[in-house]
Amino acid sequence: MSRVWGEDAAVLAAAGADVAGLTALEDAILDGLALPDGPRWDAHTHLGTDADGHALDAARLVADMDRWGIAASVAFPANEPGPDGAFTAANDAVLAAAAGHPGRIVPFCRVAPDTGAGAAIARAAAGGARGLKLHPVAQGFAPESPECIACVRLATELGWPVLFHAGFGARRLAGPFRALLDAVPAARIILAHGARGDARAVREAFADHPGVWFDTSLAALPDLVELRPERLVFGSDRPYGDHGTGLQLVGLAAGVAGWTTAQVAGILGGTLRALLGSAR
Amino acid sequence: MTRVEAVRLVAALGAVEMALVRRDPVAGPLLAQAARAADGLAVGGLVAAAAALSRTIDLHGQTAGERAARKAAQALCRAAAQRCQAVALT
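Residue numbers (our numbering), protein chains in the order written: chain A, 1 to 280; chain B, 1001 to 1090.
For reference, chain B alone in the conformation it holds in the complex (with noise of 0.2 Å):
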């Protein structure tokens, strides 16, 4: 992963995280976008894995699933900006 790939991906990935503590709709396009930058590079099956989460279930809703699954994705994408954060700094 290149820091400029690495920067790409913190910033789509803050807003993923605002949008899913917001439990704001605009949540799944943000995940498919996010996932479309990290296609390929090492953490697009944790990118892909919340993507597939948004897809298949409400991650806005108030269900014990929905909002585990929000939950679940709101690590995976977590896990992801971490790594891209520090590519960004090394």
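Isolated chain A (complex conformation) (with noise of 0.2 Å):
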């Protein structure tokens, strides 16, 4: 299966699209990442098939994963809540999709934090589910609210990083996430999108919060370069985003900031793969 900037080389082929063109496009950003070698741990991909058409199986996750060197990806479901509106359908074909790619995908699980979240991360966490995706635009909750504290403090118990949406949406962040932490002052949450949804007032909330990390799907390259190399992870929003950008921003940001090479190698995988490791 031929992909070019993430997507479909035959389907774009068969639109009109000039396929050679655009591949030795694409073959120029990997060429000419500069990135150090080592495995390379992507924190944020969506499987499944989103509200919005957006659409992606394990195959060609794996696919793209092969291409971009990527060692393995945390993956989520997409905005696909499901008849019961508490992605249970949606979960169980995230964690069927790591089971048949052993190392390769980490599954976390998503839930709506007002319609059943409590049995469906039980039921994520029994099936093997290392992490928690919680997206306050597309669920419609504040992340202060009672009921996401609750999958907050749930997830925590299990040992769980909690990688929440925190690119574009109306509201305010650090304020939420101020109060969310106080309630669970134990929780690691990531924040995806370097935050960008409120990129200046998270960076001087949680900057250097023990709890936050940020991760780099789709962020702003000036917000990245104004974050601690420490406390990001990459990522690349799989179907939303693709790996070649995501790749190139960190190399970019890495140049920009004067981030050290094994400063990007932990963005790159290191401290990502540390945060799960102390997932019970």
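There could be a bad hint or two in this list.
To be verified - Computed spacing ranges between beta-carbons, pair by pair:
1) A:Ala99 <-> B:Val1004: 52 to 60 Å
2) A:Ala99 <-> B:Arg1055: 42 to 50 Å
3) B:Arg1055 <-> A:Ala51: 28 to 36 Å
4) A:Asp52 <-> B:Val1004: 33 to 41 Å
Said to hold, decoys possible - Interface residues of chain A toward chain B, partial, derived using beta-carbon atoms under 7 Å:
5) Gly6
6) Val11
7) Ala14
8) Ala15
9) Val19
10) Thr23
11) Leu25
12) Asp27
13) Thr245
14) Leu249
15) Leu252
16) Val256
Source of the hints: derived by calculation from the structure; they are not laboratory data. From a predicted model like this one, the values you see are computed outputs, not experimental measurements. Ideal placement from N, C-alpha and C gives every residue a C-beta, glycine not left out.
Two chains, two frames, a set of hints: combine them into the complex.
Following this line, the structure appears as structure tokens:
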């Protein structure tokens, strides 16, 4: 299955795209990556079919990972809550994908905090999930709500990190996440997209917080270079983002910020592995 | 690429990104404008390829090919925008 810029090459060709030209441009990205050797881990991918049409299955994700040298990817459902609203089928599908690709896909579960979340987390934990994904915008809840706090508390008791969407959205983020962390001080949260939804305020509030990390998926370069590299984990946000620009972003940010090779290696895998390694 | 050229493109590509996400027909003209701004610069090929997609394929459409082309155009513009941001910040 040939893919280019994250999309199926045959589909693009059938639509009339110059696939050879697109491939050459993407190959130049791959060849130009100034990144250290070593295993790359991706903190942010989705499997399934989103309500907005984005779709990715495990076979295509692993094919993309192979092309871009990604050893393992955290995966969780797309915005696909299903008829019960609790992501039951979607979480089961992610767990099955992880079982079918051992060592390559690290399953996180996704829940709607106000819809059977406790049972959904317990079911996913029993099935081998290793973390939780929460999307305050798509599921329409506040990070500081009692329902969300309960989910984060439960995940923390399981030893799980919790990855939050922190990209586009209307609400402020720093205050709500401060309230959440005050309620669950032991929580370890990853704010996706470099917290670009409220980057300046979040950086001022959490840049040195021991329980807060930031993923680089679809982040803005100016936001990343103002964060400490030890708090960053690489993410692609497949299938909304693509691996090529995700990796290029880390390389460019490293050049602008002057990160060391060891710091970049941490962003590309070491920091996430440590986060996941302490999950029970 | 000068910083001025980079900042000009960051602004142009930001508008393109939002138009593509919102499937707004203004994406095509905005891409053409961005491609002119990028012509001859290091990121010119990326932006030109995205503009070519907009001329060839309906980027607001809902077929599999149209969706894939829209996502590819977004990725091309993202690649170019990142490089321009790096120039602007260096």
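Results of checking the hints against the structure:
no.	hint	verdict
1	A:Ala99 <-> B:Val1004: 52 to 60 Å	53 Å, holds
2	A:Ala99 <-> B:Arg1055: 42 to 50 Å	45 Å, holds
3	B:Arg1055 <-> A:Ala51: 28 to 36 Å	30 Å, holds
4	A:Asp52 <-> B:Val1004: 33 to 41 Å	36 Å, holds
5	Gly6	6 Å, holds
6	Val11	5 Å, holds
7	Ala14	6 Å, holds
8	Ala15	3 Å, holds
9	Val19	10 Å, violated
10	Thr23	11 Å, violated
11	Leu25	6 Å, holds
12	Asp27	12 Å, violated
13	Thr245	5 Å, holds
14	Leu249	5 Å, holds
15	Leu252	4 Å, holds
16	Val256	5 Å, holds
Comparing the model with each numbered hint stated earlier shows that hints 9, 10, 12 do not hold.
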